[in-house]
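Peer 1: Please take these sequences and the hints and turn them into a complete structure.
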Amino acid sequence: MLGKGVVGGGGGTKAPKPSFVSYVRPEEIHTNEKEVTEKEVTLHLLPGEQLLCEASTVLKYVQEDSCQHGVYGRLVCTDFKIAFLGDDESALDNDFDEKKKTLFGQLKKYPEKLIIHCKDLRVFQFCLRYTKEEEVKRIVSGIIHHTQAPKLLKRLFLFSYATAAQNNTVTDPKNHTVMFDTLKDWCWELERTKGNMKYKAVSVNEGYKVCERLPAYFVVPTPLPEENVQRFQGHGIPIWCWSCHNGSALLKMSALPKEQDDGILQIQKSFLDGVYKTIHRPPYEIVKTEDLSSNFLSLQEIQTAYSKFKQLFLIDNSTEFWDTDIKWFSLLESSSWLDIIRRCLKKAIEITECMEAQNMNVLLLEENASDLCCLISSLVQLMMDPHCRTRIGFQSLIQKEWVMGGHCFLDRCNHLRQNDKEEVPVFLLFLDCVWQLVHQHPPAFEFTETYLTVLSDSLYIPIFSTFFFNSPHQKDTNMGREGQDTQSKPLNLLTVWDWSVQFEPKAQTLLKNPLYVEKPKLDKGQRKGMRFKHQRQLSLPLTQSKSSPKRGFFREETDHLIKNLLGKRISKLINSSDELQDNFREFYDSWHSKPTDYHGLLLPHIEGPEIKVWAQRYLRWIPEAQILGGGRVATMSKLLEMMEEVQSLQEKIDERHHSQQAPQAEAPCLLRNSARLSSLFPFALLQRHSSKPVLPTSGWKALGDEDDLAKREDEFVDLGDV
Amino acid sequence: MWWGGRGQSFNIAPQKEEPEMGSVQESRMPEPRSRQPSSCLASRCLPGEQILAWAPGVRKGLEPELSGTLICTNLRVTFQPCGWQQNQDTPFSSEYDFALVNIGRLEAVSGLSRVQLLRPGSLLKFIPEEIMIHGRDFRLLRVGFEAAGLEPQAFQVTMAIVQARAQSNPAQPYSGITLSKAGQGSGSRKPPVPLMETAEDWETERKKQAARGWRVSTVNERFDVATSLPRYFWVPNRILDSEVRRAFGHFHQGRGPRLSWHHPGGSDLLRCGGFYTASDPNKEDIRAVESMLQAGHSDVVLVDTMDELPSLADVQLAHLRLRALCLPDSSVAEDKWLSALEGTRWLDYIRACLRKASDISVLVTSRVRSVILQERGDRDLNGLLSSLVQLLSAPEARTLFGFQSLVQREWVAAGHPFLTRLGGTGASEEAPVFLLFLDCVWQLLQQFPADFEFSEFFLLALHDSVRVPDTLTFLRNTPWERGKQSGQLNSYTQVYTPGYSQPPAGNSFNLQLSVWDWDLRYSNAQILQFQNPGYDPEHCPDSWLPRPQPSFLIPGPPSSVWLFSRGALTPLNQLCPWRDSPSLLAVSSRWLPRPAISSESLADQEWGLPSHWGACPLPPGLLLPGYLGPQIRFWKRCYLRGRPEVQMGLSSPTISGLQDELSHLQELLRKWTPRISPEVHSKKRDPHTILNPTEIVGILKGRAEGDLG
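Protein sequences, first through last, are from chains Y and V.
One point on numbering: in this note's numbering, the residue at position 20 of the first sequence is 20, and numbering is uninterrupted.
One point on numbering: in this note's numbering, the residue at position 467 of the second sequence is 467, and numbering is uninterrupted.
Some hints here could point you the wrong way.
To be verified - Residues of chain V placed beyond 10 Å of chain Y at every Cβ, according to the derived structure:
| id | residue |
| --- | --- |
| 1 | L124 |
| 2 | A278 |
| 3 | G402 |
| 4 | G534 |
Claimed, not checked - Cross-link-like lysine-lysine pairs, in silico, DSSO-like; alpha carbons within 30 Å at most:
| id | chain 1 | residue 1 | chain 2 | residue 2 |
| --- | --- | --- | --- | --- |
| 5 | Y | K346 | V | K484 |
| 6 | Y | K327 | V | K336 |
| 7 | V | K636 | Y | K421 |
| 8 | Y | K308 | V | K336 |
| 9 | Y | K594 | V | K636 |
| 10 | V | K336 | Y | K594 |
| 11 | Y | K519 | Y | K198 |
| 12 | Y | K327 | V | K208 |
| 13 | V | K336 | Y | K346 |
| 14 | Y | K258 | Y | K277 |
| 15 | Y | K113 | Y | K308 |
Stated by the list, open to error - So the derived label-pair ranges between C-beta atoms look like this:
| id | chain 1 | residue 1 | chain 2 | residue 2 | range |
| --- | --- | --- | --- | --- | --- |
| 16 | Y | T182 | V | A525 | 52 to 58 Å |
| 17 | V | R212 | Y | P505 | 20 to 26 Å |
| 18 | Y | E518 | V | R119 | 36 to 42 Å |
| 19 | Y | N295 | V | D329 | 24 to 30 Å |
No wet-lab data here; the hints were simulated from the structure.
This one's a predicted model, so the numbers in the text were calculated from it and none came from an experiment.
Here a beta-carbon is modelled for each residue, glycine too, at the ideal position from N, C-alpha and C.
Peer 2: This is the structure we're talking about:
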């Protein structure tokens, strides 16, 4: 990660900050040393995890408060994590993270200080002054090598883990996330959305014979000949994403390769004409093409914005934080990350309007149909399809649009650190857009913002296969599923959707929104697509009032009115008299002026004051942002308490009613009995030093055993007495 | 029409016209085509109120559009939806009443392109099709007029509003208002908020605070020490009234040091005006002043409240900018919103106030000492800080009752010049310090949603009340003026009320109305929403007095005197400026420039955190607010009421589902109650208090309500 290295170098040339001058004196270290030797902490290794290098007598700066002091311990680097073992803290780890090394004095071979910036925006600082020189050399070069140098796919920890832990992995049978890796899954989705009348699932790409970019199975318009798919390796083919209740559908298409040769261009043109003819003819609705490669966001923009935005939260020390604090809003604005979120949401609303109000098909066009296509199509479905707002539905959506849709997670997350330019946080942008929706309409979602936060963290945990491949083809070939005849047993990789791998049931309650109420008629076994018909018809606040794209008098009048009377006032939103913009405005306003149906169409607010910072994700490691006893968690705990009471009342009634013992349901009590939680809960360090967050990052369950958990809870209760 | 206004503060669906009432209504409602206001309209008038003009119209900008009548009287502009009267049990409507003073901007719209901004004295150039009334409290009322022959009426009512507004006198209260429900009076209501106008109120409050070293002084009973001070206040036990009188003379406008609040841990929070530097006190006076400031403590901290806080002009400018920004047609592009918001500096000022208040709470809590808030006038920022400190440190102040008494004591009784600050006496000294305070409280409410008994709606109601001339609370500058008006003094004079023939009965002043009589303007359903459903009283146990009470010795000269300025304590040689060194407030060189923006909060300095932190966390009951950029939010529900994006779903399947489930459960429970064993019963709270529908609505909204940062 050379780019990052340069940034770090820049930091190094800054004048040393005064805060690092008066650190812990050696005497104090000795007293600490005793403690440490008393309770020697052992390193927990995952199956297949190997210790690479370590260094002792390392000071970890506790940067949780303004006072500088350190905790003494051992710094360990394995092929999964960097861990600090010291005091009573077993492991503060993170998996291959971004890192910046600051050298005081350019030519020094043995740096005194190591600053690690994690991808989840934590910052760790280690002092190596009291460490043996050879250990310093070893650990620093080891860490740099294992976290910064490019590596091969097969060297990912994922594979060592999968090989070593093969027999332990049991997939949760209750996990109903649709993986979309079988023809059946696609047929089910078609049936669920009533798309099966006009679209068909095809298996032409079975074994990735046609194209390695596409999944083995996908859905295309019924009349489309299968040989068309093969013609340009799947390019130029409208691929079905989702069907709306009114029959209009969302399609995506990857652009045909750019050619210079006129002859080939001619062939391409006639091919596309043929394709368009099929989907323009009835029974298909009018198609509107939305080219996401031009006139919309570029990946470069996203990358730049995020790296600027991220800097606002990567705090090396408190002073820095206070310095940026004065100009908080302008800095935030200048990163334009929030504006990018707004533009994505707006685009999704525009497409929703076309489908919902104008009954048009929308064809998303992008070079590979695997970046912004995934983002926009997922957002549209999230807004239009209440099923996607359940946890299972959301996970299935990510499977369908992102994992099977061929989003290049490996490149976009730069897991192999081979090309920094390819590293674009598109998926994170998507999660941030979803967060805006969740934040604005909490009762509409079965999952919480905490769910989104841990999902964004899971992107970098290399024991789950979900986000570590560029395409299903790459995954299958590397897992040995492809070559069935080879001797090696196919690897069984964990999926991130199995949350029990990461979190205990109690912690998992934090992922579930207590306010979410399923549509009463909704059957829990959602495999039965038939049930959805009724529900979805109920849930249309704006149905058919203007189903025709041409709308006579009313429409003209509106135009007239807007252009003349309001032209001046709303020029900030309507830059042109573009019909699209007018439709959009009208649709948006009319939806927002009506009561929200949480099981129907759901639109976000996109005005300036409404797009916000995902505080939980971005501020959770900043102790200055902690409000003791405050924050939304206070409301949440009250809410959970109330829900519990309702539940227990219900149980009591049931019990009496049936005159039999109802099973004693253990109420979720993570938030109970705790007088003062911090606003950073469940991530915060509740006290100033050495306490574990309730919801730790990066698979702590895999690191600790059951005893650990018990200890953790004790700690929590203790802190609750604060 | 995205720019249409809602102007609705509460989450209560507007009453729709009930068809079965139709026949009754027909006779009572004005005939749409008639040119005479019906008797019914007049019957809704207040004593002394005259209807100047009216026109039928339709409230716009909201679903559903309501038809009704727009009425302009000599006191207010009001919109009465059809069928409104039957349901209304308050003399005023918090939704549709616009006191003339409150009208910030008036626009008439005609045709498709004509918009005229109507200033006092301007002449309407066309027949309006729609009128937009922007309140200075950020509300917006849009009324569209019916066509078909009623144009003259529309014209008339618009012009009437322009004229009435020009003639309105902000200091003139509505007269002869009585509470709507006659018998309701003070009996059925909760303990009335003490108006702090009698010695008993002060004595009760003193006992409540257990301020043992203090007594109620009657020295200002005839307002001859200072008219801006209340008739009673607290002074140290040992100080004689004659000494008080002498000492107060050496302070700006006679506002000497008084107790604001006694911390249960032993500290005292005092407030006073600036030293009157021109005076030449003798030794005895100085000793009196010093011992009043010292208040029996050996550790004394003088806080200059003007330091690091915005000036009055700053506050006013920021508020004007904020209002401009929040106008529905403000020209700020969406992607420039954040910097525009930053440019108003309003949030910056809030942050400064919170930071300072948080620091002072630490000073008060961490050690037993006397903390003196000193502001030159002692009528603006002192009140703001002293109230915030009490909100942060005293759980009682966070109850609905406690907060109202706090405002009554620290603002109304303490002589905050409401009329001037809210623009009642010309623009020169206008500065909405009180609104700044309300925003600060709202920030606290956001940060500690479980610690306050009152809700955002209560704050909104208070926010909207400051310009409604129905009670004298916010209509006078000093307690003296207020007392004079309400006839408390013997110099009772009949106030001339134009057009009001019948003199008020003798007993009409017995029941003096204050802003705390919420049922003047708010319906019961609205008042219910004043309660914060997320309030968790367990957070503030009654026995939260952890600190040992120090013996109340009378020390000699204070052993340490500090000046708190720019986030740090600097030692002072002496308390008073007169003896041999120049005045505290006159010479700025005594202040050290703040070294840098200290990253170390005062809490860390004072408690020696963090080593100390683990063992002894924050004292219970003390809230330390966050005041970082990402934590200070924008009060959307207040400032953006004129814009539609604040609209929330009035009902939702989730809420109604929960409601159904709950009522079902409660029904079942009622059936089973006889069989519930007593222990079970005692454990569970009464199901009716656990969840009522409005509470759930409130909670959901609270969650939906977002943070800006």
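Peer 1: It remains to establish, for every hint, whether it holds in the given structure.
Peer 2: Hint check results:
Interface exclusion of L124/V from chain Y stands, the closest Cβ pair being 18 Å apart, more than 10 Å. Listed as outside the interface, A278/V is consistent with that label: its C-beta sits roughly 39 Å from the nearest C-beta of chain Y, beyond the 10 Å cut-off. No Cβ of chain Y approaches the Cβ of G402/V within 10 Å, the least distance being about 18 Å, so the stated non-interface status holds. The beta carbon of G534/V sits about 5 Å from the closest Cβ of chain Y, which is not more than 10 Å, so the claim that it is off the interface is violated.
At roughly 59 Å between alpha-carbon atoms, K346/Y and K484/V are farther apart than 30 Å, so this suggested pair is violated. Between the alpha carbons of K327/Y and K336/V the distance comes to roughly 14 Å, so the proposed pair stays at or under 30 Å and holds. At roughly 39 Å between alpha-carbon atoms, K636/V and K421/Y are farther apart than 30 Å, so this suggested pair is violated. Between K308/Y and K336/V the CA atoms are separated by roughly 17 Å; this keeps the pair inside 30 Å, and the hint holds.
A C-alpha spacing of about 19 Å is found between K594/Y and K636/V, which places the hinted pair at or below 30 Å, so the restraint holds. Among the hinted pairs, K336/V with K594/Y is consistent with the structure: their alpha-carbon atoms are about 28 Å apart, no more than 30 Å. Taking the CA atoms of K519/Y and K198/Y, the gap is near 28 Å; set against the 30 Å cutoff, the hint holds. Between K327/Y and K208/V the CA atoms are separated by roughly 44 Å; this puts the pair beyond 30 Å, and the hint is violated.
At most 30 Å may separate the alpha-carbon atoms for a hinted pair to count; K336/V and K346/Y meet this at roughly 16 Å. At most 30 Å may separate the alpha-carbon atoms for a hinted pair to count; K258/Y and K277/Y meet this at roughly 22 Å. Distance hint between K113/Y and K308/Y is fulfilled; the C-alpha atoms sit about 24 Å from each other, no more than 30 Å. Between T182/Y and A525/V the C-beta distance comes to about 55 Å, which sits within the given range of 52 to 58 Å.
Look at R212/V against P505/Y: about 54 Å separates their beta carbons, and that is not inside 20 to 26 Å. Distance hint check for E518/Y and R119/V: the Cβ-Cβ separation is about 56 Å, which falls outside the suggested range of 36 to 42 Å. At roughly 28 Å, the beta carbons of N295/Y and D329/V sit within the given window of 24 to 30 Å.
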